[in-house]
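All chains, full assembly: derive it from the sequences and hints.
Chain order of the listed sequences is A and B. Take the first sequence: its position 61, counting from 1, is numbered 61 in this note's numbering, and each next residue is one higher. Count along the second sequence from 1, then add 1000; that gives the number in this note's numbering.
Source of the hints: derived by calculation from the structure; they are not laboratory data. Remember, predicted model here, so these are calculated numbers, not experimental data. Yeah, the Cβ is synthetic: ideal placement off N, Cα and C, and Gly gets one too. Take the hints with a grain of salt, since some may be wrong.
If you only want the chain B side, here are some residues facing chain A, beta carbon under 8 Å, derived [said to hold, decoys possible]:
id, residue
1, Val1117
2, Arg1178
3, Val1200
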Amino acid sequence: MRTPTPSQTVGPFYSIGLCRRAAEALDPDGVELAGHLLDGQGEPIRDGIVEVWDPGRRLWGRSGTDAEGRFAFLVPREADVLEAFVFARGLLRHQRTRIYLRDTEDELLRTLEPARRATLVASTEGDGFRFDIRMQGDRATVFFVH
Amino acid sequence: MTLAADPYEGPVVLPDDPSLGPEVQVDYPGYRSTRWRAPKDPLVTLPEELHRLDGPVFGESALDPLDNDLTRQHDGEPLGERIIVHGRVLDAEGRPIRGALVEVWQANAAGRYGHEVDQHPAPLDPNFSGAGRCLTDDEGRYSFTTIKPGAYPWRNHDNAWRPAHIHFSLFGRLFTERLVTQMYFPGDPLFAYDPILNAVRDAAARELLIARFDAERTEPEWALAFEWDVVMRATPFEQ
Chain A
1 MRTPTPSQTV GPFYSIGLCR RAAEALDPDG VELAGHLLDG QGEPIRDGIV
51 EVWDPGRRLW GRSGTDAEGR FAFLVPREAD VLEAFVFARG LLRHQRTRIY
101 LRDTEDELLR TLEPARRATL VASTEGDGFR FDIRMQGDRA TVFFVH
Chain B
1001 MTLAADPYEG PVVLPDDPSL GPEVQVDYPG YRSTRWRAPK DPLVTLPEEL
1051 HRLDGPVFGE SALDPLDNDL TRQHDGEPLG ERIIVHGRVL DAEGRPIRGA
1101 LVEVWQANAA GRYGHEVDQH PAPLDPNFSG AGRCLTDDEG RYSFTTIKPG
1151 AYPWRNHDNA WRPAHIHFSL FGRLFTERLV TQMYFPGDPL FAYDPILNAV
1201 RDAAARELLI ARFDAERTEP EWALAFEWDV VMRATPFEQ
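Rendered as structure tokens:
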């Protein structure tokens, strides 16, 4: 097994390389999945990126955060759970989480305490979904070993 | 060397500690932006099958013409030292990953990014956007033509300068074979002062971020060349 190339932060200027093409629509006819990326002081992370992947439908998307730390995708209405990565200045390696669009009797969710579990489940908002990502704090999103 | 009471007021570069392995420290005191952003709770383990998901596949449609030549994306040529940066993308067992999407971005020769947030008072170059991408070939090879980026100041600590680097983003075969990192140039005197490079606490692992000058690939009367291979990490179950 070779030693892997170490990770380094995406830095503050990633949009030059990673956001030249719009990639927010996994499904152009889908519904909005939006949220805010927040740091340990509750401040918006304005230079973050969220990538999501629906492995069953093989749909991928990427959204840089805006001045309010907001990211947004169009996702299939019927999607259940999305795999997600979070990148930002100040993250030496990206973090992995999962976005459950509905609260299911998932074996993984069952192993988490209710408050932790709740950080992985989106709420419905209008026609779509809302999912905030908190890097630290009492309501910190669950991140996974990867 | 010991840390001050507030680790964030401690030394910018900590002494090497190979016992920490090649891993990047998630929260590295010298790099101040980690403080409120790096997760503090222990990471949760996922079942093995979620480490083996296929990832997205990007085809030729993800590319524009001249995406791998950053010196020809405008009417004129950018200022700076023309270079070729090439190498292979490999999995943890050393097998080439073909069709991997490689995205790069960088500062110009003066150390300025073409990004509105970058306020370093160095000139922008109207002939340099500083972004490229390509797909690896059947042997996992990628290649870019670009100019050598300049070092630049950042405000992490007093008189902080980043060593010259090119940002790389790579997708492997598996969803988890995803890497964002930075490639450095050999012999840069700023290495010893940079908390981002030194967040990799093992000196041998840090070397993996530094390209090799490649005399053979240098093109006479045209461009110097650097070679840099990227190895994706295995799943936690294989490490």
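Practice task
Find the hints from earlier in the document that the structure breaks and name them by number, from lowest to highest.
Solution key: none
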